[in-house]
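Colleague: Take these sequences, add in the hints, and give me the full structure.
Each protein sequence line maps, in turn, to chains Y and Z. Residue numbering for the first sequence follows the numbering used here, beginning at 42 and increasing consecutively. Residue numbering for the second sequence follows the numbering used here, beginning at 186 and increasing consecutively.
Treat the hints as calculated values from the structure; they're not laboratory data. You can take every hint at face value.
20 Å max Cα-Cα, derived PhoX-like pairs, lysine-lysine:
| hint | chain 1 | residue 1 | chain 2 | residue 2 |
| --- | --- | --- | --- | --- |
| 1 | Z | K485 | Z | K426 |
| 2 | Z | K198 | Y | K53 |
| 3 | Z | K426 | Y | K53 |
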Amino acid sequence: MGLDALLVGAEKPRELGIALFGGDAAARRI
Amino acid sequence: MLRREGYSAAIAKFNGPDDTGAVIARAIAEKPRLIGLSVIFQFSAGDFLGLARQLRDAGSDAKIVIGGHFPSFEYEPLLLHHPAIDIVVRFEGEQTILDLLRALDSPATWSQIPGLAFRQDGSVHATPPCPLVADLDALPFPVRDGEIKRHRGVGDAALLGSRGCYHRCSFCSIGAFYHQPNGRPQRMRSVRNVVDEMELLQREYGVGLFIFNDDEFFDLADPRRPLAFADELESRGLKGKMFIKCRASDVDEPVFSRLKEVGLIRAYVGIETGAQPALEVFNKRLTVEQNRRAVTTLKKLDILADFKLLLFNPYTTLMDIEDNLRFIDDLAADGCVPITVARMEVYSGTPIMERLRAEGRLRGDYVAWDYEIEDPAAELVFRQMLAAMYRRNYDLEGLSKTAIQAYYDLLIYKHFYPKKYEPGIEDALRRIVAKLNRHTVGVIRRLLAYARTEDLCDVARVNKLTIELALETNRVDMELGERLRRWRLRLNRLVENAR
Numbered sequence: 042m043g044l045d046a047l048l049v050g051a052e053k054p055r056e057l058g059i060a061l062f063g064g065d066a067a068a069r070r071i
Numbered sequence: 186m187l188r189r190e191g192y193s194a195a196i197a198k199f200n201g202p203d204d205t206g207a208v209i210a211r212a213i214a215e216k217p218r219l220i221g222l223s224v225i226f227q228f229s230a231g232d233f234l235g236l237a238r239q240l241r242d243a244g245s246d247a248k249i250v251i252g253g254h255f256p257s258f259e260y261e262p263l264l265l266h267h268p269a270i271d272i273v274v275r276f277e278g279e280q281t282i283l284d285l286l287r288a289l290d291s292p293a294t295w296s297q298i299p300g301l302a303f304r305q306d307g308s309v310h311a312t313p314p315c316p317l318v319a320d321l322d323a324l325p326f327p328v329r330d331g332e333i334k335r336h337r338g339v340g341d342a343a344l345l346g347s348r349g350c351y352h353r354c355s356f357c358s359i360g361a362f363y364h365q366p367n368g369r370p371q372r373m374r375s376v377r378n379v380v381d382e383m384e385l386l387q388r389e390y391g392v393g394l395f396i397f398n399d400d401e402f403f404d405l406a407d408p409r410r411p412l413a414f415a416d417e418l419e420s421r422g423l424k425g426k427m428f429i430k431c432r433a434s435d436v437d438e439p440v441f442s443r444l445k446e447v448g449l450i451r452a453y454v455g456i457e458t459g460a461q462p463a464l465e466v467f468n469k470r471l472t473v474e475q476n477r478r479a480v481t482t483l484k485k486l487d488i489l490a491d492f493k494l495l496l497f498n499p500y501t502t503l504m505d506i507e508d509n510l511r512f513i514d515d516l517a518a519d520g521c522v523p524i525t526v527a528r529m530e531v532y533s534g535t536p537i538m539e540r541l542r543a544e545g546r547l548r549g550d551y552v553a554w555d556y557e558i559e560d561p562a563a564e565l566v567f568r569q570m571l572a573a574m575y576r577r578n579y580d581l582e583g584l585s586k587t588a589i590q591a592y593y594d595l596l597i598y599k600h601f602y603p604k605k606y607e608p609g610i611e612d613a614l615r616r617i618v619a620k621l622n623r624h625t626v627g628v629i630r631r632l633l634a635y636a637r638t639e640d641l642c643d644v645a646r647v648n649k650l651t652i653e654l655a656l657e658t659n660r661v662d663m664e665l666g667e668r669l670r671r672w673r674l675r676l677n678r679l680v681e682n683a684r
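Modeller: Set out below in structure tokens:
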């Protein structure tokens, strides 16, 4: 019998507090 | 929550495509009936969608469920364009995922479960949102399977003392996420329940640093809560350090002074901008004066005041940019914190997205919304800034992020090894960061000067200036990066000696 649920998530970078990301839209402009 | 109800559940980390192989290996070996993908940040949605596709290609026949802020709003295109995704759980997911597991093999009953979206007869069907969890104390503490990390001898853990936020900042997906379902948008755990979890984390895992990731640490309805929290920590003799996140209007000197006594060493403050018109666009319901006072108070108390500046929004003027530069000059030219400057990005579900759509200015698509700034001069400054300083401001290896990591290391050394603390190391870091901040301001001032007086359409001159500034920024970043590397070696030696 396998697992019922495997929950997958990203770790929050602890050092950064809140990181600002350009998102794809801003990066596409370069 | 699932385990308490008798289900077997495990957690896997997925920080990006590098973790794909490990997640797939677990999915194949452990054969879960359901794979839940938690997508909090819109920028990582593409990675998660890629993972879902590869899980399917690798032969997993689990129901693939996606949830979080972004999928809660964009469930329709996600389900229409991504066949690997079976189900979207919208808004807070604890109860919904439990109901779903009970009914996983009977899709005909899914329409009875609040908070779900799924494909049905070729179109997308969504049930009404599940009400928000009213009593957070009733939830079990988060599972910590192997999660506690140690950094320079100090164990740290992220935790939440509350959920949600009462405010409706126009750019923020948190306000949007918690205002749509029924229930109070901000809910607090009891002080006692939070400190119980902290005690457990310290006792079982040796945690010394508690990182509160609350959307908003302070309770609008109960200004005495932080003081009760401090009293509870003190009465139980719990010794630890804390990071919190809050609004500028929360920073009250007596309250923060008290929180400092019980371990507060860093506060991330949602300053967002040093320009009043931009605060209005963001619907922050704050004044620049409040922002200034918050940073000044934290500096006075020697609590790291961490903040970023959204220099650009759809309505930014050159005057707004100038106001922000003055804000940095006045508050961060001393290098007290590295300043990241960036553009407000458009998140799904937010009031600003609806405003841009109504104005016919929303570009891009649900994976990455985009816009152009109304004032072409400000749009030009943004594009040039991006080209000249992308790595510095946005890249994870860029200087503004490596510098804030250095501050993190400094705080660990300063507050966990106080007996061996050498203050000179802080001054050295400040000097590096001061130069970084001043340079950022200088570059943007030169862009502003051009945008104010010169021909915006003279492509050759615009490009020449941008390239000049990019090369100069690169030189400065190389120099400061090297100084930061040597600073870190010095810190390593000091911490080694102190341990």
